[in-house]
Each structure stands twice: as structure tokens, then as C-alpha cells.
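Chains as they are written, first to last, in my numbering: chain P, 1 to 154; chain Y, 1001 to 1154; chain U, 2001 to 2154; chain R, 3001 to 3154; chain B, 4001 to 4154; chain W, 5001 to 5154.
Treat the hints with care, as some may be off.
[As the list claims (entries may be wrong)] The calculated DSSO-like cross-link candidates involving lysine-lysine, where the alpha carbons are at most 30 Å apart (straight line), are:
| hint | chain 1 | residue 1 | chain 2 | residue 2 |
| --- | --- | --- | --- | --- |
| 1 | P | 18 | P | 131 |
| 2 | R | 3019 | R | 3154 |
| 3 | W | 5131 | W | 5094 |
| 4 | W | 5127 | B | 4018 |
| 5 | P | 94 | Y | 1018 |
| 6 | R | 3154 | P | 94 |
| 7 | R | 3127 | U | 2019 |
| 8 | P | 49 | U | 2131 |
| 9 | Y | 1152 | U | 2019 |
Calculated directly from the structure, the hints in this document are not laboratory data.
6 protein chains.
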Amino acid sequence: MFSHIDSEGKARMVDVSKKDDVLRVARAEGYILLRKETIRAIIENRVAKGNVLNTAVVAGTLAAKKTSELIPLCHPLQITSVSIDFEIYEDRIKAVCEVKYVGKTGVEMEALVGVTNALLTVWDMVKSIEKDENGQYPFTRITDVRVVEKIKEK
Amino acid sequence: MFSHIDSEGKARMVDVSKKDDVLRVARAEGYILLRKETIRAIIENRVAKGNVLNTAVVAGTLAAKKTSELIPLCHPLQITSVSIDFEIYEDRIKAVCEVKYVGKTGVEMEALVGVTNALLTVWDMVKSIEKDENGQYPFTRITDVRVVEKIKEK
Amino acid sequence: MFSHIDSEGKARMVDVSKKDDVLRVARAEGYILLRKETIRAIIENRVAKGNVLNTAVVAGTLAAKKTSELIPLCHPLQITSVSIDFEIYEDRIKAVCEVKYVGKTGVEMEALVGVTNALLTVWDMVKSIEKDENGQYPFTRITDVRVVEKIKEK
Amino acid sequence: MFSHIDSEGKARMVDVSKKDDVLRVARAEGYILLRKETIRAIIENRVAKGNVLNTAVVAGTLAAKKTSELIPLCHPLQITSVSIDFEIYEDRIKAVCEVKYVGKTGVEMEALVGVTNALLTVWDMVKSIEKDENGQYPFTRITDVRVVEKIKEK
Amino acid sequence: MFSHIDSEGKARMVDVSKKDDVLRVARAEGYILLRKETIRAIIENRVAKGNVLNTAVVAGTLAAKKTSELIPLCHPLQITSVSIDFEIYEDRIKAVCEVKYVGKTGVEMEALVGVTNALLTVWDMVKSIEKDENGQYPFTRITDVRVVEKIKEK
Amino acid sequence: MFSHIDSEGKARMVDVSKKDDVLRVARAEGYILLRKETIRAIIENRVAKGNVLNTAVVAGTLAAKKTSELIPLCHPLQITSVSIDFEIYEDRIKAVCEVKYVGKTGVEMEALVGVTNALLTVWDMVKSIEKDENGQYPFTRITDVRVVEKIKEK
């Protein structure tokens, strides 16, 4: 053998073969900052592209199920529950995603993927209202995405 | 908090975390109506795009495995068996898809996705024979897609 | 060479390299037969799993974009528009999917995939109302799925 | 027809069939806040799961190409370039994703999907260092994700 | 800014925005070595799992279309043709995959992905015949996978 | 019924519903032959497209998780570990992929898919160095892909 490249060529899934099958729950949340007009259009269901929040829930739920395709070292998991909820404030929407799973590894990445994709879908639905006259987004932000809680049943 | 939108923003997977891991079987069937010439071309393996029924079986099997990507609130499942069979009549083909799974939820959606995608693939393979001189499909139909039986081992 | 297997080993995409890039439109429709109570629950947005029709539109739209992954000999296409609409009758829902594309091949398979997946998603959302006391579906059917019109700009 | 449900059942891709094929560029950025020890472990390539930043670039690039699967109303696009860069600060990493495309619609959602998935992958790679003794993430945040610039060639 | 990591964090798609839209063709081939009994079972269509070669063609065709999902720095492409052919020898099968595309970049990776996945599918179909009494594969090999020719129309 | 087509229309997953849930491990390996200059450029991390080996590990790991999407009759599996390693020789690179799983079926196809996609990604990363002045690949080969060992815990 000529050479063995280690530190740069490594990216390895954690081996969870010997872990216990227990109930695991994770909750993640995050915000999207929007113009006040946009928030009102969402509440009154006047957005041209359609029902913003249901579309975002569906997108976030599908994305949470795709986590192991998106995050290279995540294990494929038969998750048993995904739920996504919103709280609407005057200038922002908060999304919360809870994921449950009975198996060998935690599901915080699944919850984070669910939240970020729900928020990205909100953004996509309201692009035409959020853009300024030059086609830029001076206000729109996705922010404060975090894991609220991670639980592992004893 | 400014507002809480419920009825329109809801789409929620059923939480199956506490369900039992038992054997579940589902069988679905459906039909595609075709011209009699098309049926004969399929039986005699004379269709230009290739082997219609094997291609349809492969497509339906792969689709059944993709059910949780296609149907937003379906759980990702390690299904343990998919089989697809055809019965050929003078003016229609019947497809039957059986799916098995050992786990926490039924697999009728997987069987339905398998059947519909097998039938859609039949359609795609015979498009050039089914189309009329204006490029329309006056005869082709996918019809009577239903769940034949759903079994849950006690 | 020992042998050359043709008739059974063939499944071949049509070569569209030399086709013109023109606007192509296809419209497909289909029905799901449901209990009258289910129809009322959908209209009144009382279905436990959530907003049935918006979830079905989102699922059908995403599925139409996945057509070349589902139907083996379909070409991957940058489709330029997908829209899905419903008409609700006393005992059935009709879905119509229109797909547009500027390119080298027609989009009727995309429209058919959009319709069938929208209808399958309706089924999934109302499973608990449609099932009888033995967990079977005596009434639910997806039926009369067809291509309404296929247009190719001159 | 019995009823026609509009406001709740609508979610519609913008029809871009008639738009011009021009060069479009979008740049998005975002941050992940991390412990200082984690930042040092990344710079010194001492993270147990492997090369954090290259893994994040690969994940973000693949995710940008999956945008139309993740965001329901995004069009499938033959994007012509994706690049992802990082700037590393004492307590945070900034990711910037630039996407180019020659076609009928802008690519800011692709750039945002690239950034968020690169940052989520950083998180996944350093989970064991970021977690506290109770398995929680008191410091980790993905924040200030925004579109820096969107350009459309005249 | 604290640091800028370059050599390890780089993985960048080639920017093809300014390349010409011309016809591109690539042909790749490869072999799978099999037991003579397995070859005979394939020719006589006696393999328990089903039609080996058609299933392999369908799998290879679908995989070629997925190239940009599998190979991180490949561009998503609307390929216009995929065809896969086999030549059967006494102790091996040769697969050839030809891919065509009208656009800004070559398609040799697509042809290679088509060939390798067709050969992997052959392997999967004949596993039970190829395995020895200890469940090992002493003979089976995929080998000599190469690009036969790459053409770019002037 | 008019006819029943069997031998040509069959492609059937093995039913593993009754198999035991035990630990299963598989290791596969394979080689890519490259120019000596290319090998040196990889070792010295001078390849223009970026970090070749880490990108290949990430691609191979993601591909191993996609096995049931690529190989039609493979079961979807919650694999518990994937690792990919390289040995570098003067004119070739050897990739080894090990996959673990606790469940009802072996994972040799997953290991083979991991190896081949890691090697294909190496190829893609070094295309510009491997091509000759006519854009052809006179030296590059993927070869000797085999299953090294398959273990099933008693």
C-alpha cells in the first residue's frame, strides 16, 4: 500500500447496532421574520400561492422523513410520529416540530430538518410579498433554530 | 402570541409509537382499460418500448417502497414483502399488489401505491399504441382501484 | 459472445434528443368514491388528520415532479407549471391536474401521476372514517383516471 | 357539483412557461452558533465523526439540487453551479451558498436550502461535543439565515 | 473572522452556466462474472426472483436519471435518452449503457451509474444461486467498468 | 381471464416477514485504476473540484442508505452503521465499505452500493485529470468489486 489518508477522508456514521430500542422524542423550534403585511395575508389566507401554513406542515413532515437522505451521517429511521405547529406573532412565525421514534438513536436532527423545511416553505409561499422593488429580501430571516428538548425513555 | 391558526394549518401523522409490532398484510387491485390491439401486443411482447409487465412490476415495487415519500402522512416502514401480479383480459389488465410488514401500522397505502404505479407504467409503455391520430387517449383508463383485504395478525 | 437476449431484456426510453422545444400541456382527471359522511367531514374541515384537500394538492404537485423517478421510461423534465383542482360531489371527489412544460416531450404521465397521488392522499387522510368495523374499505375506490387533453403548441 | 373548496385547498406553482431563459444567481448565508471548543475541534480536524466542513459542503450541495423535492411549489431546475463557503469565527461558523441557473425562475430557495442543510450537517457532525451532560443543546443555534443577493441578467 | 478552511472544506461543482447547449453522448460498459449455472438460469429465465435482465435494465435506467443525487458534484440534467444492452458470455454478462443529452455538460457519469446499477441489480437477482454453502460469494465480481466513448457534437 | 403472463412479468422481493432480527454485517471492496499523477494530486489534496476522498465517503454512505431505491428487489432497511475506508496504491485506490444491520435480511447489496458509489465519486472528482486530449478516459477503470465477507450473528 502506498498511502492511507485519514483525517481528511473520514466521515463515519456512529455504529448504533448495540443500542437499545427505546422511545425517543425530540422537539425543535425556529422563527421566520416577515413583514407585518405578510403575516396578515397569511392569517387571512390571502396569499396568492395558497394555504401557507398547511403547505409548510406537509413540507416539513415530508422533510423530517427524508433526514437520512439530507444529513449524510444520520441513520435511516422508521419514525413513529411527526407533528408541526405554528405560533403567529405580529412580525414573525414560530414553528415547532416534534418527532418520536422507537429505536436505537435520537431524533433531534429529524426535528431540526422538519422545522427548517417548514420555515423555508413559508418563505417560498410568500416570496412575492416579501421582495422589495429590486427583487431583494431586506426583512426575511430564518432565525433562532434550536433543539428545545430531547427525551429518552428509561 | 398574535394568533394561532388551527383548522387550516393542520396535517398530522398518527402517533403509532405505542402500537404493537405485529404482521400486517394488505392487498389492493385495480384495472387499466386498453385497446384490444394493445393487449395483444403486450401478450406477444411486441411493444416497442419493451417488456411491459416486468417493467410495471419493477416500477410498482419501487413505488410501494417510496410510499412515505409520496403520501405525506404515511410512516416510513421497513416492509418485508411486495408482490405484484397481473391478470390479462381482452380489453383490460388487472394488477394486484400484496404488501407485508411486521410493525406498528397497516400497509394498505403501500399496496395502493404499488398498484397505481404499476398501472401507470403499463400506460406509459403503450402510449404510442393507445393514442389516436390527434395524440389523445379516447380509451385508456385506470379504474376500480380498491383495497381487497387488510389483515392484522392477532 | 454466447447469447443475446432481446425481447425480454428490453425496456428503452424513447430518444427525444432531436425533438423541438415547444410548449406542451396535459390535463388528467380522476375520481375517488367516498362515504357521504366523509365528504361532509372534508367540506367542513373536520377530518382528524388535517386539511384533506390542501394536503392532497401538495402531495400531487410533489409527485408530478417525481414522475421520472416513478415511471421508469419517463424523461426527467423541468416542468414549468403544475396545478391541481377539486370538484366535490355528494359521494365522490374529482381531481384535475394540469401540467405545462417547454421542451421535447409530452407531460401526460406527469398529469396522471399528479392526479393519482392527490387521490391516494385523500384516501390516506380519511382512512379512519372510510374503514368499516372490520378495518376494511367496502366503499372507497379510485376510478376513471384518464387524460382529458394533451396539447402541443405549433 | 356539490361544492368547490378554494381558499383551503389551494397551493399552486407559479406558471413560468412564458418566462425568459436568462442567467440567474442567488446568494444566501446563515450562521451556526457553537461552543468555542467545538470550533477549535473543527479547525484542528479532531471531530470524531470526521471532516466537518467538507461533509457539510457535500450535504449542502446535494440538498440544493433537491430543492424542488423539499419545497412543494419550487420548479425542478437544471442548476448550473452550486458553491458553498465557510467563514469561521470564535463562536460561530458562517456558511454562504451561491447558486446559478440559466432558465425561467430565480434560485434563492436553492441557495437557502443549500445553506440550511450545510449548517444542519455541521450540527450533526458535532452533536457529541455540543450536548451537555443531560443530552441537551444549550448553546447550539442556526440563525440569521437570509438571502444576500439575487441577480437576474438583463 | 477567525479562520478560513480551504483545502479540506472544498468540494465544488464546475460552473457550466456559460457552456453551449449541444448534443452530448456517452457510452460506458462493464462486466459481472457469474457461475456458469447462473448464466444458464438467466438465459432460460429460470431465476426465482424473476426476469433478471429486464429488471436490470429498468434499475439501470432509473439510476442513470438519479446520477445528480448520487454523485455530489454532478449537475441535474434533463437527459434525452438512456439505453442499456447486454451481451451474455459463458461466465460473464457485459452491460453497455448509452446516455444522450442536449445541454451544457457531458454525461459519462450518467452512463457509468447506469452500467453499475444494472450490474448490481443482476447480482441481487441471482444472489441465491451465486452464494456458496457458507453464504459467501467466491466467484461474483463486477469488473472492468469503463467509459467506451464520449462524444460532443460540434 | 384471457391470459396470465408469468415468466416474463415476474420480479418478486423475497418475503422476509418470518426471518429473525439478528445482527448482520457485510463488507465489500473494489478498485479504481487511475493515472499516477491523479493519485498524487489526491494525496496532496490538489484536485480542483475539492477533497476527493471525503466527498467519496459521504457519497458512498448516502448511496448505501439508498440501496432499496436503486436495486428494485432490496428491502428498505434501518441500517445501523456504514463505514468506508480507502487504501491508496501507486496506480489505484481501493475502497472498502462495511455495513451493519439488526434485522431480517443481509446487507451485502448495501455494502456493494456503498463501494461502487464511492468509486464513481472518485472518478467524477478527477475527471479533468484523467481525460486525454480527446476527452476520453484511456486508463480509468472501476474493477474487482466483490463481497469480502458476509456475517450473520447466531
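Right, here's what the structure says about each hint:
For the suggested pair residue 18/P and residue 131/P, the alpha carbons sit about 51 Å apart, so the restraint of at most 30 Å is broken. Our distance criterion of 30 Å between C-alpha atoms is met by residue 3019/R and residue 3154/R, whose separation comes to about 13 Å. Of the pairs offered as hints, the one joining residue 5131/W and residue 5094/W holds, with about 20 Å between alpha carbons and a cut-off of 30 Å not exceeded. A C-alpha spacing of about 19 Å is found between residue 5127/W and residue 4018/B, which places the hinted pair at or below 30 Å, so the restraint holds.
Restraint check: the Cα-Cα separation between residue 94/P and residue 1018/Y comes to about 29 Å, which is no more than 30 Å; the hinted pair holds. Note on residue 3154/R and residue 94/P: the hinted pairing is violated, with a Cα-Cα distance of about 37 Å set against a maximum of 30 Å. In summary, the hint linking residue 3127/R to residue 2019/U is not supported, as the alpha carbons are separated by about 51 Å, beyond the 30 Å threshold. Taking the CA atoms of residue 49/P and residue 2131/U, the gap is about 34 Å. The hint is violated against a cut of 30 Å.
Between residue 1152/Y and residue 2019/U the alpha-carbon distance is near 51 Å, which puts this suggested pair outside the 30 Å criterion.
Violation of the numbered hints given earlier is confined to hints 1, 6, 7, 8 and 9; the remaining hints are satisfied by the structure.
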